[in-house]
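In terms of numbering that gives the first Met the number 0, the sequence shown opens at residue 0 and continues consecutively.
For the record, the hints were derived by calculation from the structure and aren't laboratory data.
Hints should not be assumed to be uniformly reliable.
Listed next, the in silico BS3-like pairs over lysine-lysine satisfying Cα-Cα at most 30 Å (straight line) [claimed, not checked]:
| id | residue 1 | residue 2 |
| --- | --- | --- |
| 1 | Lys171 | Lys104 |
| 2 | Lys190 | Lys169 |
| 3 | Lys104 | Lys169 |
| 4 | Lys171 | Lys190 |
Computed from a prediction, not measured in an experiment: that's the story for all the values here.
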Amino acid sequence: MLAFGPGLAAWGLVTGVAMTQSGLGVGLSLLMTFTAYAGSAQLASLPLIASGAPIWVIWASAFCVNLRFVIFSSQWRVHLGHVPRGRRVLLGYLLADLNLLVFQKAWPSGVREDGQVPYILGGATIWAAWQVSSVIGILAASLVPTHWGLGFAGTLSMFGLAYGLLTDRKTKVAAVVAASAAIAAYALPLKLNILVAIAAAVAAGELMEHGQRAARRLRGAG
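All chains should be built: construct the whole structure from the sequences, respecting the hints.
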């Protein structure tokens, strides 16, 4: 997980600065970083909060951005379904996108094996990297000039992290569809182009999955 540390720290720093500079203040920013622990959802909701968007728009944006964790949870179920519920809740809080990426490379079999739970817990080191950098950003926000361009640095780090998640044709196509939809709908108010991009990517993924299932059925029938 340490290989992702620099990019994640840059992202956390940018998010910490953004929370404070968006008007949340230090107290609410600290509360948000420790309870939400979802950088993409935080960055998606902060401009909406700052612009006074309706609460349903803020909730919908954060919800849609984090919908991917429903899919991730179904994949974790095989490996964590036997763990007591309290520990599952704790692990669920600590697990992020990168945890699943690294875990699947280390345990490609897709079945439950001994040693997986300690390995998963060890991957939670990225939680510490995120929180330390985010808290630094929150506390030092007033010292960071806007002309430093940290927002662009955060965007670049997110590109790097997202690239590591593009592991097959379906995810690559969904990423291209999402980017195209976000640009096409950029003129929409309240950052609603984010919702459009998510919906388009999910639809593209579902269509490709449906096509693959249909192709498998045809091969089986033949």
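Structure-based check of each hint:
no.	hint	verdict
1	Lys171 with Lys104	holds (18 Å)
2	Lys190 with Lys169	holds (26 Å)
3	Lys104 with Lys169	holds (18 Å)
4	Lys171 with Lys190	holds (23 Å)
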